[in-house]
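A.B. asks: Sequence:
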Amino acid sequence: MLKELFHKISVKIGFTENELKVLFFVVIVFCVGLFGKYLFVNFPGESAHRAQNGSTLPQGMKNKQIGSSFGINEEKKVESERKVSDFSTNDKNANYKKSLPALKNKVNLNSAGIDELVLLPGIGKKTAMKIIDYRNKHGKFNNLSELKNVKGIGKNKFEKIKKLIRL
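In my numbering, each residue's number is its place in the sequence shown (first place is 1) plus 921.
Hints may contain errors.
As the list claims (entries may be wrong) - Only pairs whose alpha carbons sit at most 16 Å apart, straight line, appear in this in silico EDC-like list of lysine to aspartate or glutamate:
#, residue 1, residue 2
1, Lys1027, Glu1080
2, Lys958, Glu940
3, Lys1047, Asp1036
4, Lys1046, Glu1067
5, Lys1081, Glu1067
6, Lys929, Glu940
Said to hold, decoys possible - Label-pair distances were calculated between CB atoms; the ranges are:
#, residue 1, residue 2, range
7, Lys1076, Val962, 54 to 64 Å
8, Phe961, Gly1075, 51 to 61 Å
9, Lys958, Glu1080, 53 to 63 Å
10, Gly1034, Lys1083, 14 to 24 Å
11, Leu1040, Lys958, 53 to 63 Å
12, Lys1047, Lys958, 44 to 54 Å
13, Lys1069, Asp1036, 18 to 28 Å
14, Leu955, Gly1045, 46 to 56 Å
15, Lys1081, Phe951, 53 to 63 Å
16, Gly1075, Asn1026, 23 to 33 Å
17, Gly954, Gly1045, 44 to 54 Å
18, Lys929, Val953, 22 to 32 Å
19, Gly954, Met922, 53 to 63 Å
20, Leu1040, Phe961, 52 to 62 Å
No lab work stands behind these hints: they were computed from the structure.
For clarity, every value in this text was computed on a predicted model and none was experimentally measured.
Where is the CB? At the ideal position from N, CA and C, for every residue including glycine.
Input sequences plus hints: build the corresponding full structure.
C.D. replies: In structure tokens form, the structure reads like this:
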């Protein structure tokens, strides 16, 4: 009977019997999966409790069981809010503020080495080397705005460091 049904459907649709069997199998597995998902999402604690005790929980206990199954409690909510707020600080501003106390005196552009230039906010080793290369190639800096000629130092970066440098 089932074989005849597969044959009739396969003739009408244009699939072979094997293709139809595979399609039927996939549809059945999909339906079972949906049913299982519905069952465990809507009643997560009940099925586990029934398997252990063979009985159901009272209505008041069901709500507690469902809440604990999802791991929802006040401590986790508060902790996740704390984690979110920890990431709200702006790292660029934090680095800028950290580097300011390290500079007791302004950095002399014409005599500073890599170690001193790196203390400036937004200046890494590569940019510090570019500043020194520019200084060696073109001579001493005549004014602070000449620093903008160094590749990697634009208007914004110059504005951040101009109060921290001297000639």
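A.B. asks: Each hint needs a verdict: does it hold in this structure or not?
C.D. replies: Against the structure, the hints:
1. Lys1027 x Glu1080: Holds, at roughly 15 Å.
2. Lys958 x Glu940: Violated: Lys958 and Glu940 sit about 27 Å apart, past 16 Å.
3. Lys1047 x Asp1036: holds (12 Å)
4. Lys1046 x Glu1067: Given that 16 Å is the threshold and the Cα spacing comes to 19 Å, the pair is violated.
5. Lys1081 x Glu1067: holds (15 Å)
6. Lys929 x Glu940: Distance ~13 Å between Lys929 and Glu940 Cα, so the pair holds.
7. Lys1076 x Val962: 54 to 64 Å: Because 55 Å falls inside the window, the suggested range holds.
8. Phe961 x Gly1075: 51 to 61 Å: Because 56 Å falls inside the window, the suggested range holds.
9. Lys958 x Glu1080: 53 to 63 Å: holds (56 Å)
10. Gly1034 x Lys1083: 14 to 24 Å: holds (20 Å)
11. Leu1040 x Lys958: 53 to 63 Å: holds (57 Å)
12. Lys1047 x Lys958: 44 to 54 Å: holds (53 Å)
13. Lys1069 x Asp1036: 18 to 28 Å: holds (23 Å)
14. Leu955 x Gly1045: 46 to 56 Å: holds (54 Å)
15. Lys1081 x Phe951: 53 to 63 Å: With Cβ atoms ~58 Å apart, the hint holds.
16. Gly1075 x Asn1026: 23 to 33 Å: holds (25 Å)
17. Gly954 x Gly1045: 44 to 54 Å: Given range 44 to 54 Å: holds, Cβ gap about 52 Å.
18. Lys929 x Val953: 22 to 32 Å: holds (25 Å)
19. Gly954 x Met922: 53 to 63 Å: Violated, since Gly954 and Met922 (Cβ atoms, about 27 Å apart) do not stay within the stated range.
20. Leu1040 x Phe961: 52 to 62 Å: The hint (52 to 62 Å, Cβ to Cβ) holds, given that Leu1040 and Phe961 are roughly 57 Å apart.
Violation of the numbered hints given earlier is confined to hints 2, 4, 19; the remaining hints are satisfied by the structure.
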